[in-house]
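**Student:** Letter by letter, the chains look like this.
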Amino acid sequence: MRKTIEYLIPGVKLFLICAVAAIILGFINEVTEPVIKATQKEEQEKALKSMFTQKNWQEVPAVPFTFKGKDFEQNILKRCRTKEQKQFLVYSYDFDSNKDTYRLKKDLSLADRKKLGQLLKNIGYRGTGKVESYFPVIRNQDVVGYALKIIGNGYGGAMTIIAGYNTDGSIKAVKLLDNLETPGLGKKAEQPGYMKKFIGTGGDTPVPVVKTMLKSQKEIDAVTGASITFMGLADALRDGSNFVKNIEGK
Amino acid sequence: MLKEFTKGIFKENPVFIILLGLCPTLAVSTQVVNALGMGAAVIFVLLGSNIFVSLLKDFIPEKVRIPCYIIIIASFVTIVDLVMRAYAPSLSKNLGVFVQLIVVNCIILGRAEAFANKNTVKSSVLDALGMSIGFTLALTLIALIREVIGTGKITLLAINAIGFDGVITIPYLHDSPIRMIGYPAGALLVVGLLKALFNWFESRKKEGAS
Chain A
274 MRKTIEYLIP
284 GVKLFLICAV
294 AAIILGFINE
304 VTEPVIKATQ
314 KEEQEKALKS
324 MFTQKNWQEV
334 PAVPFTFKGK
344 DFEQNILKRC
354 RTKEQKQFLV
364 YSYDFDSNKD
374 TYRLKKDLSL
384 ADRKKLGQLL
394 KNIGYRGTGK
404 VESYFPVIRN
414 QDVVGYALKI
424 IGNGYGGAMT
434 IIAGYNTDGS
444 IKAVKLLDNL
454 ETPGLGKKAE
464 QPGYMKKFIG
474 TGGDTPVPVV
484 KTMLKSQKEI
494 DAVTGASITF
504 MGLADALRDG
514 SNFVKNIEGK
Chain B
167 MLKEFTKGIF
177 KENPVFIILL
187 GLCPTLAVST
197 QVVNALGMGA
207 AVIFVLLGSN
217 IFVSLLKDFI
227 PEKVRIPCYI
237 IIIASFVTIV
247 DLVMRAYAPS
257 LSKNLGVFVQ
267 LIVVNCIILG
277 RAEAFANKNT
287 VKSSVLDALG
297 MSIGFTLALT
307 LIALIREVIG
317 TGKITLLAIN
327 AIGFDGVITI
337 PYLHDSPIRM
347 IGYPAGALLV
357 VGLLKALFNW
367 FESRKKEGAS
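If you read the protein sequences in the order shown, they are chains A and B. Under this note's numbering, the first residue of the first sequence is numbered 274, with each subsequent residue one higher. Under this note's numbering, the first residue of the second sequence is numbered 167, with each subsequent residue one higher.
Check the hints yourself; a few may be wrong.
What the hints assert, rightly or not - Straight-line alpha carbon distances no greater than 30 Å define the calculated BS3-like cross-link-like pairs of lysine-lysine that follow: (1) Lys461/A / Lys445/A; (2) Lys288/B / Lys461/A; (3) Lys259/B / Lys310/A; (4) Lys319/B / Lys484/A.
For the record, the hints were derived by calculation from the structure and aren't laboratory data.
All chains should be modelled from the sequences, with the hints used to inform the complete structure.
**Tutor:** In structure tokens, the structure reads:
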């Protein structure tokens, strides 16, 4: 009996320390989370304003453009809890019986797209693409470009990227926001000038996704030692370019 | 009492004498600004963890002391990280990664195990300050040597107010730097040579005494 207690005491004490630590961390997280979110939003806004001159930005969640027929019926529709949800989904996607795919309605309004994004989120559907949301740039009631919020995979985990695109899918400007890349190596991507190698690509010329696609030895040297960061960015930007082409129906 | 503070800077310097925390030393000594950032973060966290470990030293059972220290250190690091991200975003942008790296920095665990769990809060605070400042100085020295020889530049924090972009360029070296020193192998060489230098000083001192 005494032996049992002897073994039990350290366990209980360790548990107590863990519990106190968990409570303190939970409390601190509760306090700091809204502040952190607000600063992130501010940075995002700053990045957007540095790319396009526009006052009001509307964030539209990215939704899949196509679903395989079976996937849509068995996976997506089954998760709906109410009739309205189902009806709205069927309304948003057109069925193409030749290819057995559901295609997003092209003329779906911004409000409907927002509603659709919220709905997919509510039923627990997680998109497969890297593009999280987009901001249409509107001038004289015409869409002249898009800013995309893309989540890329870097060396230190997820990287938040804000990228501006022209309507043909070519890259106009790129900003790397939240990231955990290594200082002195991958972090260099935050410096102005790093993104120059991507600008203008994505339309007629492909986005350079491997080092050999870069134009000069100088550009190759600039990414050497941080290839994972480079490839993560390039992959995300290529996905973004394809996303823009998809919206534009090209 | 003062000895607890100064020993970390010279006599028991964590990097050159007790060879603790070499992984971050090799990794972040590429630029002076990174060395300063890592140093600042270590001062913060080592101070906090040493205080808590010495406060709780009678409560923590001998058998599970290492997990307890790790929980204390990890919690402290997370708190510092979250608070910095919320209330000092620009500082966090510069130090963010280093703060998270500190959880695995063996100086912190090493000082908890070797010093804070046997000593009072007061001397633990002095020990933490001495050790972390010693670490910062050593790291900055290595980074200075590596950056100057490896790239011909010295990168410090940019001060926009006076139009200083944070980079000092050294004329001749910048055109033909010895790149190898900037790579990880160069870090090992620099640390080894500096360690040899410190050993030489130490042995000369001993000879002089005897």
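**Student:** Next step is simple, just say for each hint if it's right about the structure.
**Tutor:** Hint check results:
Taking the CA atoms of Lys461/A and Lys445/A, the gap is near 20 Å; set against the 30 Å cutoff, the hint holds. For the suggested pair Lys288/B and Lys461/A, the alpha carbons sit about 41 Å apart, so the restraint of at most 30 Å is broken. For the suggested pair Lys259/B and Lys310/A, the alpha carbons sit about 15 Å apart, so the restraint of at most 30 Å is met. Using a Cα cut-off of 30 Å, the hinted pair Lys319/B and Lys484/A holds, with the two alpha carbons roughly 26 Å apart.
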